[in-house]
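> Full structure from sequences and hints, please.
There are 2 protein chains.
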Amino acid sequence: MFGNFTYCNPTKLYFGEDALQGLRTELPRYGGNVLLIYGGGSIRKNGIYDEVLALLREAGKTVTELPGVMPNPTVDKLYEGVRLARESRAELLLAVGGGSVCDYAKALSVSVNCREDPWEKYYVRFEEPDCPTLPVGCVLTMAGTGSEMNAGAVITNPGTKQKIGHVFADERIMPRFAVLNPRYTMTLPHYQMVAGIYDIFNHICEQYFSGEDDSTSDYLSEGLMRSVIHSGRLANRNPQDYEARSNLMWAATWALNTLLSRGKSTDWMVHMLGQAVGGYTNATHGMTLAAVSLPYYRHILPYGVEKFRRFAVHVWGIDPAGKTDAQTAQEGLQAMESWMRELGLVMNTSDLGVTPGMLPGIADATIVMGGGYRRLERDEILEILKESMQ
Amino acid sequence: MFGNFTYCNPTKLYFGEDALQGLRTELPRYGGNVLLIYGGGSIRKNGIYDEVLALLREAGKTVTELPGVMPNPTVDKLYEGVRLARESRAELLLAVGGGSVCDYAKALSVSVNCREDPWEKYYVRFEEPDCPTLPVGCVLTMAGTGSEMNAGAVITNPGTKQKIGHVFADERIMPRFAVLNPRYTMTLPHYQMVAGIYDIFNHICEQYFSGEDDSTSDYLSEGLMRSVIHSGRLANRNPQDYEARSNLMWAATWALNTLLSRGKSTDWMVHMLGQAVGGYTNATHGMTLAAVSLPYYRHILPYGVEKFRRFAVHVWGIDPAGKTDAQTAQEGLQAMESWMRELGLVMNTSDLGVTPGMLPGIADATIVMGGGYRRLERDEILEILKESMQ
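These protein sequence lines map, in sequence, to chains A and B.
Just so you know, the first sequence maps onto residues 586 to 975 in our numbering.
Just so you know, the second sequence maps onto residues 586 to 975 in our numbering.
Some hints here could point you the wrong way.
Cut-off 16 Å, straight-line C-alpha distance, at most; resulting in silico cross-link-like pairs (EDC-like, lysine to aspartate or glutamate) [claimed, not checked]:
| # | chain 1 | residue 1 | chain 2 | residue 2 |
| --- | --- | --- | --- | --- |
| 1 | A | Lys-597 | B | Asp-755 |
| 2 | A | Lys-662 | A | Glu-676 |
| 3 | B | Lys-597 | A | Glu-756 |
| 4 | A | Lys-908 | A | Glu-891 |
| 5 | B | Lys-597 | A | Asp-755 |
| 6 | A | Lys-597 | B | Glu-756 |
| 7 | A | Lys-597 | A | Glu-756 |
For the record, the hints were derived by calculation from the structure and aren't laboratory data.
Here the structure is a predicted model, which means the values were calculated and not measured.
Here it is as structure tokens:
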């Protein structure tokens, strides 16, 4: 049954080679104090930093810099940002970077005026903000997470080895605007590019592999998956293919801006497993997903044969003639595996630094969510994690 | 090449059987004077009028009624609305009805404070509003036009036999909120239901059959078309199938809220032909599209064989083995024709009241737009219109 839902996604997107010019329209809408948030400094090398700063100066902004946001932003970094945003009286949080930087800015948005410990409030108790939030803008330099058009923010607590995402229920926490220039993604190393491609694909899978419903959302997911498979192949062969990189950047946004889950259930277990692996290894997000997803999907396939069969036929073009549904379904996952190997993804968790001794801890750190074709017991999680090491 | 573009679609959608409760959240955001706009009175029979009015009263609104918006809203009706909105000092235009009522409310939104003749300004000179606009909300009772989440408004001038759509370039003209309850569409006559289904499908076609680009938008279009084909069949067999009607309602919104055209060219010639037929016959919008689309697409197929072949394979599942591209492409349009006949659509313009004597006038009234695989000459338009009569 198509469920009741709301949809509202007001983020203004500027897409294309001239997208940064959108800052000329957006910056005057906010106050004069801007907190400029970025990561390890790659934007200083590729010139994006200079371009952004020139536009901020042109708009007469007072800029405070907050560099050093790491790939898995930590709770200590969040506390540092809260102090800096308060001291500088920030009125706009401008994130320039990939999904981590954008996630971090959103976590900061709800934390600056929070009177409690934001980790406890948002990532332990999963509460919604009851304080004023700060507007976030984003200049995206990597395609994958979809953070540029949603209200989610993942934060890692190294002390407790927890990497936890909170999708806030309020569209005010979505970036007000996002600049999407596919050229900005072209200086990324191949490893990061393909990790992002798999992140996109997996976001769609998480919303697709759930429910017995007949839903328009699943048809949209199939179309988007086909686009990612196709453009992923082109970008893998030639990372300078602007059209392929554009399609991937656009697909990333739509893979996780809530559209694909409207009216249906979802199953985020691959992300839960991947994030638990990430909490122990600090590995690249997309690669943790790649390493655990096939063991997980092969484990649950018997409980959702019909959907895995549909996936095989509609997404991978498997001919079902003369095959059992289970055979067709298996062939779909084989086709997915071939594509993943073609991209050069990390296909097991050993290569990400997971050791047998970590498995019980990772299993304990894995949040079990409903919505999938099978609700996992702890021994099944351990079994999937063991499979993922091979 | 994936082009530069912006995307912003802030309409808040409330979807499902309880969607009308969204008015409780929305109404307090606007001033006390509400202009309640509706059509021929069907909402009085099916109880929607009473439900809406009760919520307006609960919110303490002063309500002025503007009934009688016709299926093809006229410029005289627009002038009437301008007078009434001014007299009542309307602060919110609440449209309760189908696409025509919603279109009308948007046309009114940009006209109330307009110092010139709005027909001349917006539908002859195609200018953007330079006056304050009024916010529009929408309670949708028919799925098809997508008017609930875009900035388009079609108005008809019976004096000049012109039916013209203007898609405004400003997201402020999109409805601020829309209530989408699939049950509300279930009291529609079968004729109106299938006309709406074809309207949805054709909106996707208009954005799909254009360009040589490799674009994510086309993959999304293919997914959405497959959903409409599937749910259209189910709804045709059983109009009380809530899931099918839900999918159709949701697909209608996404077929024309600008998503599917991002980064690519489009070809709106079927709408131009259909609207010219509508200006002469006052026929139901979706049926005018149904009657002209196959003659048009068969005419341009030789100029876009590759895309029509892709349509056949990706959307209709035609097996291309052992066939020329043109044969495969033709089979796609045959499959589309079979589906249209199954739905019971009007397949020729004679059945809509077009006579041979009208053809030169309709041809003259047809606006020729670029973007398609073939830019039509007047004799080609006449030829397509002649074909459409059979």
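> Of the numbered hints stated earlier in the document, which are not met by this structure?
Going through the list in order, the structure violates hint 2 alone and respects the others.
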